[in-house]
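Line order of the protein sequences matches chains G and H.
Residue 374 in my numbering sits at position 374 of the first sequence, with consecutive numbering throughout.
Offset between the second sequence (1-based) and my numbering: plus 1000.
Keep in mind that the hints were calculated from the coordinates and are not lab data.
A hint or two may mislead.
[Said to hold, decoys possible] Where chain G lies over chain H, by a calculated footprint (3+ residues, C-beta under 8 Å): (1) 1214-1220; (2) 1276-1287; (3) 1310-1316; (4) 1367-1375.
Idealized CB from N, CA, C, for every residue including glycine.
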Amino acid sequence: MSQIPQTHIRNFCIVAHIDHGKSTLADRIIEKTGLLTSREMQEQVLDNMDLERERGITIKAQAVRTVYKAQDGNEYIFNLIDTPGHVDFNYEVSRALAACDGAILVVDAAQGIEAQTLANVYLALDHDLDVFPVINKIDLPSARPDWVKNEIEDVIGIEAQDAPLISAKNGVGIEEVLEAIVHKIPAPGGNPSNPLQALIFDSVYDSYKGVIVFCRIMEGRVAKGTKIKMLATGATAEVVEVGYFGAGQLIPCEELSAGMVGYLTASIKNVKDTTVGDTVTDADRPCASPLPGYKKVQSMVYCGLYPADGAKYPDLRDALEKLQLNDASLFYEPETSVALGFGFRCGFLGLLHLEIIQERLEREYNLDLVTTAPGVVYRVYKTSGEMIELTNPSNLPDPSEIAYMEEPIVNAEIMVTTEFIGSIMELCQERRGRYVSMEYVEETRAVLKYELPLNEIIYDFFDALKSRSRGYASFDYDLKGYEKSELVKLDILINKEEVDALSFIVHKESAYERGRKMCEKLKDEIPRHLFEIPIQAAVGGKVIARETVKAMRKDVLAKCYGGDITRKKKLLEKQKEGKKRMRQIGNVEIPQKAFMAVLKLDNE
Amino acid sequence: MQTLGVYIHIPFCVRKCVYCDFLSAPATRETQRLYVEALKKEIRENAGLYTEYTVETIFFGGGTPSLLKGGHIKDILSTLKIYYKVSQNAEITLEANPKTTDLKKLCALRAAGINRLSIGLQSADDRELKILGRIHTYEDFLQTYGDARAAGFGNINVDLISALPSQTLESWINTLEKAVSLTPPPEHISAYSLIVEEGTPLYEHLEQFPPIPDEETERQMYYETKRILERHGYERYEISNYAKQGCESRHNRIYWQRGISHTHDYVGFGLGASSTVGNSRWKNTSDMSLYLSNSANIKEDQQTLSENDLMEEFVFLGLRMTAGISAAEFHRTFQKNIEDIYREPIEKWVSQGLLARDGDIIRLTDKGLDFSNTVFADFIL
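Could you build all of it, start to finish, from the sequences and the hints given here?
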């Protein structure tokens, strides 16, 4: 491969709104460039986590290298870096973009531009990438390619008249896309003779090879034996292997030089030595300055993660450490809960991110988890003048020490067809939203801008939005800043004992409603005991809602079964198994899923 | 010589009751005949396994065993008596439902050696019986009961079920009063609380039935049962079983009372019947055509019980008996102190008043009987 000159390398990614067909197009590109025959092709090669396949979304940035023989007779190396489409994963998009020189913008021929189309295009333009549009799903009866072309030009302001019209699903128009990649995406710059300067855009842990660093070589070259240094962490290591990305596998090669995208391994065992965004250089001949890296996104949503079985705490710690290597946007630190024991306070980009991490921990690491109510980061200004960033409601200082509190506010952009504007505005109002503006992007569609408290959108805003617009509204947000707010801590008492893991911060106005719903929900989740159990919601020691789990009257199944003891025994074993999955708070056994009750408060 | 209980399953009935989840269905006379042949074959072919045993109890359960011709029952019993050593004073029970027998048949059964009858009354209220899908009225039951006494049955159990759809506390008390006022009164009464089992018509179409009594009423019925039956000289010896002094079902005790000094081996013959002999347990096939084609080789789900299994069962079966379990008996059986295995649940439930400890004996309290599953679950190792 090394005989292919730098001018024949194309490093690019595909950006799109969710479901506009990004992954399918990626598959077609890989297929057409001959890396895989369609027979070998498993659906959506790039989405190689089980979870991604099941949910049909791309979570992690993935890379693949293929070789394309263009119509001009030359062979080109394509490094395709896949990016996630969901709003939660802007950070992942950002790191993928940093490794690219251009981007393909995929727009659905029927739906046109959506909120995340805009968000992702702007991110790409921010990274100085050359973007060219592709209009997908032209096979749909409702496809309106000319209309979409105009929309792209009007709304985004990039040339779209000669955009390839394709159906990634049916393999139509792919050749045109490949040629456009050759002609519209610039070759990478950089000089192979300069000192090594490479950007780490991802990394995975492999139990044999240690940390595998995914990098884009900006300047210089790296090969087996190069002594490398990470500029930010200062860690040094000797390169054991370099290579590039086949479909689902790593292919070793001689060296990586300026403009190339690939991986290196260097028996790095400590995952903390390779932070994503760091610059790799040659220890013996270092570059002058680090690369700018890219904007590190702050965690937006926090929750407690606890092992269901307390003995699994070290396993959870190891799993989080490994996941963080893959997913630099995951934050965690140890915490303890009276109710749940030892666990971690974890920070996520959003609720979907939280769910995905939770599922990956459960599936890939076989952990059984208890998740506490997710919350955002509040700023608590104390009378002493000190400010603390509160990620765990239990750490809220005594009200007498609090001067005031602030909560994060986001700028939300909601794109919606005009018929649903009313109900979406109503929803935003209910969620304490502040109307900013409304702009028509065309006659039947508008972008609604609202300022919304983040804690009002982390639970189920997305679902509510979809259901009130029959699926048509799309949504994107970024953090605006912090604003003073009337916030209170809602405590839950079960059988008169406060359960720290169930506390959450809520706006004063919503406290009663939330408290009432929480009690109702817990009443359904907590099984009856031999005694009556009061469930109370309280703010500042004052009870604002109450429900009661009535005492169990009997638990007896006396039947003969003609000596068929197996059946009876299975029943008792099930009962015992159920008990194991409970948390003991005082005399009360609380099922794990009760701790997640707060997540479902609005689903009724 | 060890002792053995024999269960014989007769999976036939006139019509399936709405709450019934036992293995039973209507069948032609020819199927019944073929089944009896297969049953006899199974009994014969397995006799070699039990040469060291004396059969102390035989129980014909169903289904409705009384649906079979008297000759069939006689045939089965003769086969057992030829191939097995059946004790002279064995308890031999047959489940009978009203409207499936008459005096003549009952006399034949008595002559064939049946010495205990278990009659399914369930309720003395004809309306309730109809809702349950029973084929008889209370009047029909009286006929059968009278015939049974006339035929010479001196040991009769009456089966009752409480918490039936539409049942009131009054109607349940009425059922109990009628049962204890029979002349002569039954020696044994089983009073179960209705369990709505998955897969039954009652479960599938619950909304089409009159309401089942609420929990409060159900509990009152349950307390009335004990009160009324005890007042009439019945002693509760198991969660749902009451008997006049000395008339406890010996066969039931085989199921419940485990341990080295008790008879607890039982073998089940017939479709879907369960067996536990020593530490091995199995179940017969539930597939009728399979059973009919080769009844000598139809054991399924064979398992060897571990010591833990045996200890668990010693406790959760034994505690069903109001007499409770004996720590000494536990030690004799397992060479282990019950405290070493079960200290935690024993102490927990004694302190919460669901178990009582009187020296050697551990038993469920009256309250504990209400929550037996909660207690038992803690004894699963």
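Legend entry - Non-conforming hints, listed in increasing numerical order: Structure breaks no hint.
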